[in-house]
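Undergrad: The primary structure of each chain is shown beneath.
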Amino acid sequence: MTALLNVDVLLDDLERNLRRVLQEREVDRPALIGIRTGGVWLADILHKRLGLDEPFGELDISFYRDDFSRIGLNPKVRPSHLPFETEDRHIVLIDDVIMSGRTIRAAMNEIFDYGRPASVILATLIDLGARELPIQPDVVGQSLALKASERVKLQGPDPLSVEVRKADVTSEGA
Amino acid sequence: MMTTEESARALQLTPDGQLRHFLTLDGLDQSLLTQILDTADSFIEVGERRIKKVPLLRGRTVVNLFFESSTRTRSTFELAAKRLSADVLNLDISTSATSKGESLSDTLLNLEAMASDMFVVRHSRSGAPHFIAESVTPGVAIINAGDGRHAHPTQAMLDMLTIRQHKQRFDGLKVAIVGDILHSRVARSQIRALNTLGAEEVRVIGPSTLLPRDVESLGCRVEYDLKAGLKDIDVIIMLRLQRERMEGALLPSEREFYKVYGLNTDKLAYAKPDAIVMHPGPINRGVEIESAVADGPQSVILNQVTNGIAIRMAVMSMAMSGQLAQRAATEAEARV
Amino acid sequence: MSAENPMIRIENARLLDPVSGKETQASVLVENGRISGIGAAADQATPDQIVDAAGAVLSPGFIDLYCNLREPGNGQKGSIATETRAAAKGGYTTVCAAPDSSPVNDSTAITHLILDVAERDSAIRVLPLGAATKGLAGEHLSDMVGLTTAGCVALSNGSAPLVNARVLRRCMAYARTFNVALMLQPQNRSLAADGFAHDGLITTRLGLMGIPEVAETAAVMEMILLAEETGVRLHLSQLSSARSVTMIAEAQQRGVSVTADVAIHHLLFTEAALAGFDSRFHVQPPLRSEADRLGLIEGVRTGVVSAIVSQHQPHDPAAKRAPLGDSEPGLSTIESVLSLGLMLVERDEMSLSQLLRALTVGPASVLGLSEPAIEVGAAADFCLIDPRAEWQPSEAALLSIGKHAPVLNQPLKGGVVSTWCEGRQVFPAKAS
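Residue numbers (the working numbering), protein chains in the order written: chain A, 20 to 193; chain B, 130 to 465; chain C, -4 to 427.
These are calculated hints, taken from the structure and not from any lab test.
Please read all numbers here as calculations on a predicted model, not as lab measurements.
Among the clues, some could well be false.
Computed list of lysine-lysine pairs in DSS-like fashion (alpha-carbon distance at most 27 Å, straight line) [as the list claims (entries may be wrong)]:
hint, chain 1, residue 1, chain 2, residue 2
1, B, K211, A, K95
2, A, K95, B, K296
3, B, K396, A, K95
From the derived model, a few chain C residues whose C-beta atoms are all more than 12 Å from chain B [to be verified]:
hint, residue
4, V14
5, R29
6, V140
7, L319
Where a beta carbon is used, it is the ideal one built from N, C-alpha and C, also for glycine.
Please model the complete structure; the sequences and the hints are all you need to start from.
TA: Here's what the structure looks like:
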């Protein structure tokens, strides 16, 4: 059984919240980085909506995961691609769903290997709570409280949709 | 009785098909070789960062076991392991234990007791890494860094990565391998890789004394004449010629070899105009190849060094991944 | 061998005559180390012991022309006691001890030592082979007259080629003078060089050092021509190629005094056995192609190759626990020869009587021994075979110190039920 969330509403909320945070922090030229795969789709959309000239970056965190010894290396790892210098830049790090916070920990470690950014703003479309690390998003499309048996999944990139479904497969905490 | 293919597969892969040792390209299919190349692409990107290091093998110990010394190959393996955050121990065994009469298996058992996770092995005997993987240290990932005349799979894969970067594909490609095929572990692995990845044709070019018997059975065609052999060729791989070949009556002289099989600008013109020239190094200028060609626009010899580190990072992380999966499975079984 | 000699009757066995292939069912009576009655005569006797051999084949005891007993030696690889016990389990009543013991059997002292230890430790007959050259180095002739007088039945070069044709020619001429038989493993030293596997598909694939077929055929041709010239009694040991069989057949037709044998593993395995770098199958001469295997079998069938040998080479585990090219050559075969041979029989590659002929009558004729047969007055050297019995070679099951049998931890058909040498049961060994 699946339920669809209205993705357009979520995206509008995400964009509005992001604009507000950027304004509050006086960031006028943010560098966008999406985490594969869902985060990259969202970075693409936000990049267009914000009307940025500079291309956005794509991050593949496979080499930084903390569960290598349990699940091994992702066989479909692809190169990360950051088409800009990160040193002293204000970064907007974008992912589809945040839960445990482990993906974001890995992503931040990776970003720092490129240089020392001025700041990192974290934007996620959905926040599921259930954090295992002290990491909080700055910008969220919507917070959801799922039942233990439910999972959320971003489908895309075109059209983009968000499904909440009964767990039949165990997915790792995002 | 198992074929070469079956036994290589059984030894190198976990029951669910993950790499756990990297000994030979025998028994590995196209999708696995492609996965190695793709993973290496990601590591090439890592090498372009300010900090060229990822934490995959943090806390793991990699031992470089070189029973035959090779500073160059050992350095790339060492750098690859360090960029994966592993602790690296370099043992030049050619000058230590085994020359004091300790047997290979005794040496290895001692090292295993030091809680090593991976051995990178170079040995002058064909099959030595197989032997180590099979009978000495089952819990340690073995990476073959060149064994006798048998295989040098990381070298062959880095050559494949170079070819893919320049030609984007393997199907339809015609590749010539020139020189001493008989003694070359690199050539054997290259022929295998090119066949698995779907190259249209592999030609080996050299005199009869430097070709193994029934060499066609490896999946290649034989040409004795360099000019005729280079016709329609997309990729030329020149092999290193060892000086001692002159002593065993395999060749009359370096000068004659260069005259007949050395690659110079004139002969290069017989290949396709966009053909690339490769050499696993170290190069003997004026023996296998003319300097003008080695340093010329069609040469991709320097590229090969960068790719070497990335390929080794890919293979090491994949093999470690497979070993860890297997350890987890064994532990789970033990709990049941 | 003790004086205690009970009268024994073997009942219900099928007696197989390896020469005619004829099978009869009759009782056999054994007295004073000899067969004293067959059929009615045996049935009427009142023996001390009756052995019911229902379902078993009774064959003359096997004779091995080439078996490494590893004594003298350091004991790690085996001894006359352990390896003759293993041989008895394999159905053998006579084994020729290969000369490459340590030290090499190139002196009467070593020959006497082997015979003395055998007298004490072996329940079966041990016939020493002397070294044809000093230290088996292939250069200087050994004391051939001394060695044969001391008890060597023939002289052999082990698996080390003579250095050149001149030494070979003189070796033959000298042996001919004293009517000493030469058993030579043919291999051209410089063509074999540092190879250890058949130069063919597997060496090309795995990058192993090859020994070309011509390393053997060139040596066979050279030896045949020199034997023809010198008139020596030449026996070619452990052939590996089909081409050699053809050349020997032709020489035999021409009247050259040349015989030959083949090791059991060359009849069953090919170069493919090395596909996974299995050091057990590092043998000398190397296992060659399937065509060679078939040619060697044909040689046994036609009798051009008159004997199958075990070429038993027991080792301590460490000798084989090394990369292929660094391991020591040889298989531990003597307990498996019969079962491996029966695999050939089952596949119709040879008949049972052809197999048994090559294990009994064939080798006896090479050594000039009287023809083994199950007949009244013959020595009571025989074994009882159950072709359907299954056994599994394993570290525990093998009596030899060498645990590197060609088939391991898999069931094999054809067991030796018991072996009898000079009328005494030598396998299974009786508690003394």
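Undergrad: Indicate, hint by hint, whether the structure satisfies it.
TA: Do the hints match the structure? See the list:
1. Between K211/B and K95/A, the direct Cα distance comes to roughly 23 Å. Compliance with the 27 Å bound is thereby established for this hinted pair.
2. Taking the CA atoms of K95/A and K296/B, the gap is about 22 Å. The hint holds against a cut of 27 Å.
3. Under the criterion of a C-alpha separation no larger than 27 Å, the hint pairing K396/B with K95/A is inconsistent with the structure, at around 41 Å.
4. No beta-carbon of chain B comes within 12 Å of the beta-carbon of V14/C; the shortest separation is about 35 Å.
5. Listed as a non-interface residue, R29/C keeps its Cβ farther than 12 Å from every Cβ of chain B; the least gap is roughly 45 Å.
6. The claim that V140/C is not at the interface with chain B holds, since no C-beta of that chain comes within 12 Å of its own (minimum 41 Å).
7. Look at L319/C: its CB is around 5 Å from the nearest CB on chain B, not clear of 12 Å, so calling it non-interface is violated.
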